[in-house]
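Enquirer: The primary structure of each chain is shown beneath.
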Amino acid sequence: EVVMTQSPGTLSVFPGETVTLSCRASQSVGSRLAWYQQKRGQAPRLLVYGTSARDVGVPARFSGSGSGTDFTLTISGLQSEDFAVYYCQQYEHWPPWTFGQGTKLEIK
Amino acid sequence: QVQLVDTGGGVVQPGQSLRLSCAVSGLTFSNFGMHWIRQAPGRGLEWVATIWEDGSSEYYAASVRGRFRISRDNSKSTLFLEMNALRVEDTAVYYCATLAGGPSDYWGQGTLVGVSS
Chain A
385 EVVMTQSPGT LSVFPGETVT LSCRASQSVG SRLAWYQQKR GQAPRLLVYG TSARDVGVPA
445 RFSGSGSGTD FTLTISGLQS EDFAVYYCQQ YEHWPPWTFG QGTKLEIK
Chain B
126 QVQLVDTGGG VVQPGQSLRL SCAVSGLTFS NFGMHWIRQA PGRGLEWVAT IWEDGSSEYY
186 AASVRGRFRI SRDNSKSTLF LEMNALRVED TAVYYCATLA GGPSDYWGQG TLVGVSS
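Residue numbers (the numbering used here), protein chains in the order written: chain A, 385 to 492; chain B, 126 to 242.
Just chain A, same shape as in the assembly (with noise of 0.2 Å):
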């Protein structure tokens, strides 16, 4: 089983800053790793697929790096909206299908 491992577990930060957000794979999972943000009360929605490919609707704010074993999202100029909770996530090796276990971004 791949391991996801995200980092930090919790960010605060003020509105309009650009934060980078970690996630560490276990083994190699390629180029196959996706970021969710979910919000309090929602189903995840898929932000960026692929490492680096932004999906339908997702401002260009929020960018994907990374392959192999490190990753990261960042979103540059946080927006109140931003504030949420994201999940990596590998379609490399499975199943399992692994998710991080999230890094929480909060209002400083």
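Hints were generated in silico from the structure; no laboratory data involved.
We put the CB at the ideal spot given by N, CA and C, even for glycine.
Careful: at least some of the hints might be erroneous.
As the list claims (entries may be wrong) - Example chain A residues on the side facing chain B (calculated, C-beta under 8 Å, incomplete):
#1 Phe398
#2 Ala427
#3 Pro428
#4 Gly434
#5 Asp439
#6 Val440
#7 Phe446
#8 Phe467
#9 Pro479
#10 Pro480
#11 Trp481
#12 Gly486
Claimed, not checked - Cβ-Cβ distance ranges computed for the label pairs, FRET-style:
#13 B:Val130 / A:Ala437: 36 to 44 Å
#14 B:Asn209 / A:Gln426: 27 to 35 Å
#15 B:Asn209 / A:Ala444: 40 to 48 Å
#16 A:Thr394 / B:Glu178: 19 to 27 Å
#17 B:Arg192 / A:Pro443: 37 to 45 Å
As the list claims (entries may be wrong) - Which stretches of chain B does chain A cover? Using the computed rule of at least three CB atoms under 8 Å from a CB of chain A, they are:
#18 146-157
#19 171-185
Model the placement of chain B on the given structure of chain A, informed by the hints.
Expert: Positioned in the frame of chain A, the structure of chain B alone reads:
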């Protein structure tokens, strides 16, 4: 537009059963492998089960294997999760999803399953 509607959740006692459904519209259901993912209160996302487009293959998380069964009815564009021998630790919101790894990634709104004595 695409809609996935999860239903069937509720509160049951340990050892009892529930059947979840996911009604899909707005896409060609038979073209998609389908997944159930759950989220315990205050916790992260956990993959539960997957079924291939034509139902020919099924996969289960170790925590549910032998107790849960995933199935689908392509003629009705509906996904199911039969959950037996429920445990307290199965308490979660259950989501159906295409988990497409790209565009056409869609999730239901989730249905809450509570297991408590």
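Enquirer: Evaluate each hint against the coordinates.
Expert: Here is how each hint holds up against the structure:
1. Restraint check, A:Phe398 versus chain B: the minimum CB separation of about 26 Å is more than 8 Å; hint violated.
2. At its closest, the beta carbon of A:Ala427 sits 4 Å from a beta carbon of chain B; the interface hint therefore holds under the 8 Å criterion.
3. Taking 8 Å as the C-beta contact cut-off toward chain B, the hint placing A:Pro428 at the interface holds, the least distance being around 6 Å.
4. Satisfaction of the interface hint for A:Gly434 is found here, the shortest Cβ-Cβ separation to chain B being roughly 7 Å, below the 8 Å cut-off.
5. Restraint check, A:Asp439 versus chain B: the minimum CB separation of about 6 Å is within 8 Å; hint holds.
6. Here the hint on A:Val440 is kept, as its CB sits about 6 Å from the closest CB of chain B, short of 8 Å.
7. For A:Phe446, the interface hint is violated, the least distance from its beta-carbon to any beta-carbon of chain B being 15 Å, above 8 Å.
8. Of the supplied interface hints, the one on A:Phe467 is violated, with its beta-carbon coming no nearer than about 17 Å to a beta-carbon of chain B, more than 8 Å.
9. Against a cut-off of 8 Å between C-beta atoms, the interface hint on A:Pro479 holds, since the closest Cβ of chain B lies about 4 Å away.
10. Residue-level restraint check for A:Pro480 holds (minimum Cβ-Cβ distance to chain B is 5 Å; threshold 8 Å).
11. Taken as an interface hint, A:Trp481 checks out: its beta carbon lies about 4 Å from the nearest beta carbon of chain B, inside 8 Å.
12. Interface restraint check for A:Gly486: the shortest CB-CB distance to chain B comes to about 5 Å, inside 8 Å, so the restraint holds.
13. Look at B:Val130 against A:Ala437: about 28 Å separates their beta carbons, and that is not inside 36 to 44 Å.
14. Distance hint check for B:Asn209 and A:Gln426: the Cβ-Cβ separation is about 29 Å, which falls inside the suggested range of 27 to 35 Å.
15. The hinted window of 40 to 48 Å between B:Asn209 and A:Ala444 holds, with their beta carbons roughly 47 Å apart.
16. A beta carbon spacing of about 39 Å between A:Thr394 and B:Glu178 contradicts the range 19 to 27 Å that was offered as a hint.
17. For the hinted restraint 37 to 45 Å between B:Arg192 and A:Pro443, the CB-CB distance of approximately 41 Å keeps it satisfied.
18. Counting residues of the region 146-157 of chain B whose CB lies closer than 8 Å to any CB of chain A gives 0, so the stated coverage by that chain is violated, three being the minimum.
19. Only residues whose C-beta sits within less than 8 Å of a C-beta in chain A count toward coverage, and the region 171-185 of chain B has 5 of them, enough to reach three; the restraint holds.
In summary, the structure is inconsistent with hints 1, 7, 8, 13, 16, 18 from the numbered list given earlier, while agreeing with the others.
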